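Chemist: This is what each chain is made of:
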Amino acid sequence: MSSLKYRTIKDKTFFYVTCFLASLTVVPLFAIIWELIKKGYKQINWNFFTESAPSTLDAMLARNTGDIIPGGIANGITGTLLMVVLAAIIAIPIGILVGIHLSEHPKTKFSYITRFLTDLIQGSPSIVIGIIAYAWIVKPIGSYSALAGSVALSIMMLPLIVRSTEETLKMLPGSLKEAGLALGASYTSVILKVLLPAAFGGLFTGILLAISRVMGETAPLMLTALGSTTINWDIVKPTSAVPLLIWEFYNDPNLIDMIWSSSLFLLILILSLNIIAKQIAKKWRIQ
Amino acid sequence: MVITNPILQLKDVSISYTPGKNAVESVSADIAEKQITAIMGPSGCGKSTLLRAINRMHELYPDIKTTGEILLNGKNILKTNPMEVRRMAGMVFQRPNPFPTMSIYDNVIAGYKLNGISLPKREKDELVEQSLKNVGLWDEVKDSLFKKGTFLSGGQQQRLCIARALSLKPQVLLMDEPTSALDPIATNRIEELLLDLKKEFTIMIVTHNMSQAARISDYSMFMYLGNLIEYDETQKMFTNPSDKRTEEYLTGQFG
Ligand SMILES: Nc1ncnc2c1ncn2[C@@H]1O[C@H](COP(=O)(O)OP(=O)(O)OP(=O)(O)O)[C@@H](O)[C@H]1O
Ligand SMILES: [Mg+2]
Chain A
57 MSSLKYRTIK
67 DKTFFYVTCF
77 LASLTVVPLF
87 AIIWELIKKG
97 YKQINWNFFT
107 ESAPSTLDAM
117 LARNTGDIIP
127 GGIANGITGT
137 LLMVVLAAII
147 AIPIGILVGI
157 HLSEHPKTKF
167 SYITRFLTDL
177 IQGSPSIVIG
187 IIAYAWIVKP
197 IGSYSALAGS
207 VALSIMMLPL
217 IVRSTEETLK
227 MLPGSLKEAG
237 LALGASYTSV
247 ILKVLLPAAF
257 GGLFTGILLA
267 ISRVMGETAP
277 LMLTALGSTT
287 INWDIVKPTS
297 AVPLLIWEFY
307 NDPNLIDMIW
317 SSSLFLLILI
327 LSLNIIAKQI
337 AKKWRIQ
Chain B
3 MVITNPILQL
13 KDVSISYTPG
23 KNAVESVSAD
33 IAEKQITAIM
43 GPSGCGKSTL
53 LRAINRMHEL
63 YPDIKTTGEI
73 LLNGKNILKT
83 NPMEVRRMAG
93 MVFQRPNPFP
103 TMSIYDNVIA
113 GYKLNGISLP
123 KREKDELVEQ
133 SLKNVGLWDE
143 VKDSLFKKGT
153 FLSGGQQQRL
163 CIARALSLKP
173 QVLLMDEPTS
183 ALDPIATNRI
193 EELLLDLKKE
203 FTIMIVTHNM
213 SQAARISDYS
223 MFMYLGNLIE
233 YDETQKMFTN
243 PSDKRTEEYL
253 TGQFG
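Chains as they are written, first to last, in the working numbering: chain A, 57 to 343; chain B, 3 to 257.
It is possible that some hints are incorrect.
What the hints assert, rightly or not - Think about it this way: if two alpha-carbon atoms lie no more than 30 Å apart in a straight line, the pair counts; the simulated DSBU-like pairs of lysine-lysine are: (1) B:Lys-150 <-> A:Lys-339; (2) B:Lys-67 <-> A:Lys-163; (3) A:Lys-226 <-> B:Lys-67; (4) B:Lys-144 <-> A:Lys-339; (5) A:Lys-334 <-> B:Lys-150; (6) A:Lys-226 <-> A:Lys-339; (7) B:Lys-149 <-> A:Lys-339; (8) B:Lys-67 <-> A:Lys-338; (9) B:Lys-77 <-> A:Lys-226.
What the hints assert, rightly or not - Derived list of chain B stretches under chain A, where covered just means 3 residues or more per stretch with a C-beta under 8 Å from a C-beta of chain A: (10) 42 to 50; (11) 92 to 99; (12) 159 to 171.
Because the hints were derived from the structure by calculation, they are not lab data. Please read these numbers as outputs of a predicted model, since none were measured by experiment. Backbone N, C-alpha and C fix where the C-beta goes; we use that ideal spot for every residue, glycine too.
Turn these sequences into a full structure, and let the hints guide you.
Modeler: Structural data, given as structure tokens:
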């Protein structure tokens with residue numbers, strides 16, 4: 057009898073301990089958000105989105121008079137937009153095609169090797185991928201550029217898109233493919249007109265997650281895009297990005313206050329993308 | 003039994019999933035044009051395997067080997083381009099499988115869309131209306147042609163799939179237990195539909211339902227362990243089967 061009671065207590069204790077630890081894991085997230093809002097919200101106004109980062113001098117003057125630092129992160133926002141879009145344009149078609157190949161020919165040696173290599177890319181430190189993009193693009197062109205940054209980001213996006221395409225296509229019932237082929241359609245048109253549209257939700261989720269994954273990358277961009285004090289839309293010129301700006305702000309005592317608002321912006325952007333992606337995945341699964 | 007002017011001829015057809023083990027063992031049979039031929043037999047006897055060989059579905063799976071000859075209008079389909087074969091021999095599957103991303107309208111003309119054949123709008127409209135009327139679905143869906151086909155009931159979906167196959171005007175319609183996922187009322191409608199369709203099309207239907215075979219088919223095959231045991235006019239087979247195993251199956255002693 058006493059041993060039964062002991063075991064019940066043990067079970068309950070275990071339950072509460074796991075609950076406690078689970079809630080501990082979300083504490084940092086809320087602490088970060090709270091800290092960022094508290095220190096960053098004042099900075100976020102219209103200029104924050106339309107103006108480039110201020111010079112050290114302007115920031116120092118504002119600090120001396122006790123004003124908020126002028127300027128914004130428009131050069132970072134546009135740079136991030138430019139590079140992420142370009143990276144997506146590079147990575148999406150390649151990733152989807154490779155994913156199709158893996159799901160259509162799952163057991164060939166070629167597929168095993170491809171899967172292994174995409175896993176390796178996914179496990180590679182992002183700085184190493186930055187070095188590769190530096191060697192491939194920055195060196196030959198002779199200048200840091202948005203293009204080089206995009207190539208680095210696209211390499212990081214690839215494994216995520218490949219895998220989500222493969223997994224999504226594998227989940228489609230075989231009857232769908234048979235239905236298409238039974239109508240005399242070619243293999244290619246069944247894939248393009250039947251399977252891919254049916255897998256759209258899953259592919260879209262994967263792409264959004266891949267984008268949100270690379271949006272906050274800093275290290276590979278330091279070696280490739282470098283940064284820029286003005287808005288730049290030229291893909292062969294050095295370009296800024298929000299995470300690069302955060303790093304620059306951190307290194308400048310006059311600008312350091314800007315890290316809170318920029319981080320808040322980046323965090324909200326990435327969290328929103330994640331939430332949207334999860335939402336799409338959920339909706340799509342019910343079908 | 004002799005079938006004059008068969009549209010489809012199976013000659014010594016053997017099919018294996020694993021080498022040395024035939025799931026269908028040298029089946030030979032002539033199929034009558036514009037008639038319904040039922041394929042019966044206990045589970046696992048090779049009915050689906052045989053039917054799927056006729057529109058070359060087996061080619062999707064490299065391990066499956068088909069030997070022998072299948073002649074459609076005298077031409078060996080095993081030596082014809084599979085895409086051409088599949089357009090001539092339409093297939094309806096056991097589970098309704100409309101394309102989930104397409105509207106009812108697009109589902110009906112999916113065969114054309116997927117084959118990259120673009121028809122003038124008027125012709126498309128006519129084809130959709132005609133095919134849906136053929137399967138008795140027109141009145142039920144004519145106001146929701148642009149809704150997704152997956153919103154329909156199971157029976158309606160199956161009729162949509164039949165319409166999809168018919169819109170390509172195939173010569174032979176192959177059906178693998180098309181009513182096994184449907185309730186009696188929906189089953190009944192499809193049976194009536196098949197009797198109607200045989201004026202224009204040759205139909206081969208796999209069924210587990212003996213009374214269904216008796217009701218709608220003109221000819222019946224009985225298969226057992228991959229072999230075609232008996233093939234005769236349905237009337238004859240149900241009243242006076244010549245093989246003991248057929249009789250046992252038809253009287254419910256196995257299967
Ligand atoms: N994909 C497959 N791989 C290996 N063997 C298979 C495969 N599909 C079917 N078989 C085998 O082939 C034989 C015939 O199967 P088939 O599906 O043609 O039977 P069936 O008569 O249609 O049965 P049912 O009435 O249950 O649908 C069976 O012995 C089965 O085990
Ligand atoms: Mg079967």
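Chemist: Could you run down the list of hints and mark each one as holding or not?
Modeler: Results for each hint:
Under the criterion of a C-alpha separation no larger than 30 Å, the hint pairing B:Lys-150 with A:Lys-339 is consistent with the structure, at around 16 Å. Distance hint between B:Lys-67 and A:Lys-163 is fulfilled; the C-alpha atoms sit about 19 Å from each other, no more than 30 Å. Distance hint between A:Lys-226 and B:Lys-67 is fulfilled; the C-alpha atoms sit about 25 Å from each other, no more than 30 Å. Of the pairs offered as hints, the one joining B:Lys-144 and A:Lys-339 holds, with about 28 Å between alpha carbons and a cut-off of 30 Å not exceeded.
Simply put, A:Lys-334 and B:Lys-150 have alpha-carbon atoms about 24 Å apart, close enough for the 30 Å limit, and the pair holds. For the hint pairing A:Lys-226 with A:Lys-339, the CA-to-CA distance comes to about 18 Å; that is within 30 Å, so the pair holds. In summary, the hint linking B:Lys-149 to A:Lys-339 is supported, as the alpha carbons are separated by about 18 Å, within the 30 Å threshold. Among the hinted pairs, B:Lys-67 with A:Lys-338 is inconsistent with the structure: their alpha-carbon atoms are about 41 Å apart, more than 30 Å.
Our distance criterion of 30 Å between C-alpha atoms is broken by B:Lys-77 and A:Lys-226, whose separation comes to about 36 Å. Coverage of the stretch 42 to 50 of chain B by chain A is violated in this model, with 0 residues showing a Cβ closer than 8 Å to a Cβ of that chain against a need of three. Evaluation of the coverage hint for the stretch 92 to 99 of chain B: fulfilled, as 5 residues show C-beta separations to chain A shorter than 8 Å, against a requirement of three. Judged by the Cβ-Cβ criterion of 8 Å, the stretch 159 to 171 of chain B is covered by chain A as claimed, because 4 of its residues qualify and three suffice.
In terms of the numbered hints stated before, the structure departs from hints 8, 9, 10, listed from lowest to highest.
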